[in-house]
Each structure stands twice: as structure tokens, then as C-alpha cells.
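Undergrad: The primary structure of each chain is shown beneath.
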Amino acid sequence: MIISIASGKGGTGKTTVATNLARSMGSNVQLLDCDVEEPNAHLFINPSFTSSETVFTPVPEVNEDKCTYCGKCAEICQFKAIAVVNENILVFEALCHSCGGCWEVCPESAIHESGRELGVIQKGYSNGIEFIHGKLRIGEAMSPPLIKKVRSFENPDKLTIIDAPPGTSCPVIASMKDTDFVLLVTEPTPFGLYDLKLAVGAAQMLNIPLGLVINRSDLGDSGVKEYAHEMNLPILMEIPFERQIAEAYSRGKMLVDVMPEWKNKFLKLYDQIKNLFKHQTRNTKY
Amino acid sequence: MKELIVISGKGGTGKTSLIAAFATLAENKVLCDADVDAADLHLIMDPHVFTRADFKSGHTAAINRNKCTECGLCLDLCRFSAISDDFNVNPIDCEGCGVCVYFCPEKAIDFPENTCGQWFISDTRFGPMVHARLRIAEENSGKLVTLVRQKSKRLADEKNLNLILTDGPPGVGCPVIASIGGASAVLIVAEPTLSGIHDMQRVIELANHFKVPAMVCVNKFDLNPDLTRDIENFARVEGLFWLGRIPFDPIFIKAMVQGQTIFEYNKNSGAGKAVKKIWNTLSNLLNL
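Chains as they are written, first to last, in the working numbering: chain B, 1 to 286; chain F, 1001 to 1288.
Next up, chain B with everything else stripped away, as it sits in the complex (with noise of 0.2 angstroms):
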């Protein structure tokens, strides 16, 4: 089973949830954290490291003995990344979304595959959790690649538990997409209630069941409750404001070993999620 953890607005608390999901859950469970312009959950898993691997995109690299500067290539390009002006051939791998438009076209077999670095992933280990995350390089523009490559690393065997990236665009997409259930963490105010909103559109649009977990749910208003009411949307948790709470979180700790009794809440969690998930197929099967 995989659950994606996500959320619309930044900061509501995606990865305080998967990091206790996870280490409440003990073994045979992965930590995919795919928010990968700004990963996180390493910084409270403190997972060993056991492997570390560059990941490169495919971009074109134009061997001019061979070009004939007929221009197919720049015509297929629609991202702009290959311009032919005269006897000059440019290549922008920067904006290359490897296509592979443009060897293909090459009537002249003058264009090869090079790499674009994306980014890094690394993999490790942490009490029985499997942990998994991606670093997108800095000035690298496309995080979803990276983001796929972080998830094949998906065990079915396991539980697997993804940190999404906030927002509700590709990234987003990349990180909810064929997962089994969506955990929208949000937080009680308006901002967090617009934003929640499009991230219901996005699990719905992906036709994923989700639920609600309501983050320092005592401040703010009551317009997610009477939303998620009216929507018919399953509140699964609720995470009071309490200052002992972000202040563990400010230092790196995780809430089940500051206030253990949180560990049966979270368990408590998993079981709702998987009979809403149960219950889900279930209902689309028969």
C-alpha cells in the first residue's frame, strides 16, 4: 500500500505526519520523502546512508562534423531548447525536457544523448525504516523526473509512506499519482482552507481516496470542519497547537518520542486509512 502524504499550502505539517507514520509503524515500511527542491524528513529520521547516486536527464549533444544545419531538430523542439541560426547549432539543456524529438529527427545521426544532473538521491536506513529521498541540484528547474525516480524505488511489499512536495502542479502530480490513499494534512485558517481545497481537486482528479489530517487545530477558524462536512471528507486526526509540539519539531524531534503516547494514535491512523482504503476498492470492484 502506498500513502501520499500532501497538502496544498506549505508548512502544515506533511512531514511531522510521515515521519511519525513511519516510525510509528516500526519495520517493513519505506519514507519516501519526494518533496525534493526542499527534503526534510532526513533531518528528523536521521537515517545511515548506505548509497548515494547522481541522476541525469537525457539532453542532446550535436556532433558538428556530422550537422548539416537542416533545422529539423530545432522545428520539433517546442520547448526551445535547440536553436539553428545559420551555421550555428545551440543546445539550452536547461531547458531540455528529454524528449528525444531531436535525435530522433536527425537525419544525420549528429545528435547523441548526453546528462543533465537533476539531482542526487540517497538511500539509508533508520530503526527499521527504509528511507529514500531526492536532492534536486540547485538551479535545476525540473523536479519531476527526479521525484519518479525517488518512487521507483517503491517495494510493494512494504508499506510505503510519500512526503509530497506542497503546491498542487506537476511535482504534486508526480508524488500523489498511483498511490492508494492521499493524507491531506492541512491547517484551520483560510489559507490553509484555499489551498486544501485545490488539493482535494487534484487527489479527486487523480481519483484517489484521501483524508484529512487536521494540523494546531486549535487555532485559526472553523472553515476546514464545515468544509470537509459539507464534502463529506474524513477527518482522521487532529494535532492540537502546543508550544512543547513545535518546539520538539524546531530541534529535529519527532513527536511519538517526545509525547509516546502519540505512537497509538498514529497506528491508529494507519488503521483508519486502510479500512477507508479497503473499503474504496471494495466498492470499486464490485
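Hints are computed from structural coordinates only; laboratory data are not their basis.
Careful: at least some of the hints might be erroneous.
[What the hints assert, rightly or not] Below, a list of computed lysine to any residue pairs in the SDA-like style, where the Cα atoms sit at most 25 angstroms apart: (1) Lys72/B with Cys1078/F; (2) Lys1143/F with Leu95/B; (3) Lys1107/F with Ser109/B.
[As the list claims (entries may be wrong)] From the structure, some residues in chain F lie toward chain B, with a derived Cβ separation under 8 angstroms: (4) Gly1012; (5) Ala1038; (6) His1059; (7) Leu1077; (8) Ile1092; (9) Glu1095; (10) Ala1137; (11) Pro1170; (12) Ile1177; (13) His1198; (14) Val1257.
Idealized CB from N, CA, C, for every residue including glycine.
Fit chain F to the given chain B structure using the hints.
TA: Chain F only, in chain B's frame:
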């Protein structure tokens, strides 16, 4: 004309609340919301929209089943696994590269332009504002960010305003890169947590990479005064402009619930005083 972009790396550090507070203090400015993915500034600014336009960008392939002979070439060529075995394009996976369209021997693939969202020019009680809404799951947020920045500049020119105050997106990827290139300065709102510091360092690296001067302030500083000092020291060592610290204050949420800036909610809050001090330092640095 000066263009200040507020960013943070980590989400939820208080970018939008701070921009809203600055909107009360700044004069002669255009407000710009460049967090087009999850735009929230309008929830406080209550904009009255007077220009509204579609944002079109990119294309999505669509197979015309009447012409398709199911030869399978498109399936082989697509690097994004966007075409199913029964020859349907999944628009979520389609990158819009057009390779299938180009090579289809039957010319059976259409390639219509996408409408990815909308952008707006509005009036607010704090002056003009440019904002946008990206459709859910759309790409090209970077291009929409570039567009709202261009519109903000043009508006500032037309109205003879000397400052653009821009609410930036979280992260360090495509929309952030599009937000900060060529700006007068970025203001990084950090929070004194291990995550906040980690993400701040990455976004500082990004600002350096694109050679944009960076200023730093810390929000909710009293949640961890030790880490706040670490951030302050880090900023000084790195040669960044240190602007100051804002205490954790529920007034930010209370004001947001009322759709107000913190100064509209309460003229004399502790957080308000800290924000005013930061604004004064910032105005001097930017020569406003």
C-alpha cells in the same frame, strides 16, 4: 523601479502574511502574487478584478481514432509513457513534446494548445495587484510566474509606481527560479527550526546562483532563540543583509481569519512593531 520577492524555501514560514503587512506600510507599489500554484494573497487583499485573461501555454496530444491505424509508433517514441496500449493519451502524463504528433504516419494526432489558468489585474485597498490561478495539475507554472511579473512591471511603469512587492512560491524549483531572476532583491523569511534552516540554506544558494542579493529575517523567532542566533550568524558570515526577527504571535492567524493585515487587526502588536522595524531597514537598503 525596485522589485522585491519574498521567498522562504520551506512553506508556511509566513511569506504571505508578511507581504500583506508590508502592503500596509509601503507606498506607491504594485502587489504581485507569484505563488500561482497555491495563491493566497487575495484572501487578505480582497481584490476587485478589472482585467482577466486566460493563460495559454504548451500543448497536449490527442489521438484521432478515426485516422489512427494503431501502428504503435507513438507508443514506442513517447518517453513519458503517456499513451496507453489502446491508443489513448493520458493528459496528465503528456509532456507536450509533440514527438508523436510529428512522427505519426497518418497525421492522426491533434495537438491543441492548453489553457493552463488565468491571470488578473485588480484593485485593492492597498493599490493595484497582479495575480493568477494555475489550474490544478498544470505545468508551466514558471511561465505563468514570468507573465505576472511582466504584467506587474508594466503596471508599475504605467502608474509611475516605484516598487513591486512580490509574494514568491516555496521550494527552489521552476516557479522560484522564474520568480527571482533579475529581481532587485529577495527577502528570505526563515523560521528557527532545523527544517527552516536547511531550506533557507538551499534557497540562499539559489539566490547566489542567480546573483540576486538576499536579505534574511526570522519569523516565530522565540520558538527557538538558539537557532535564531545561528541563522543570524549564518546570514552575517555569508554576507547577507540581516533584517531582524519577528516573534511568534497568534495575531497573524487572527488577522488572516478576519481577512485583514496585522496592522488593520491591531495597530500596536509586538509582531507589528518587529515588522515595522524590518520594513524600515528594508526601505533604507532598497533606497525606497
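Undergrad: State the violated hints by number, sorted upward, taking the hints as numbered earlier in the document.
TA: Of the numbered hints given earlier, the structure breaks none, since each of them holds.
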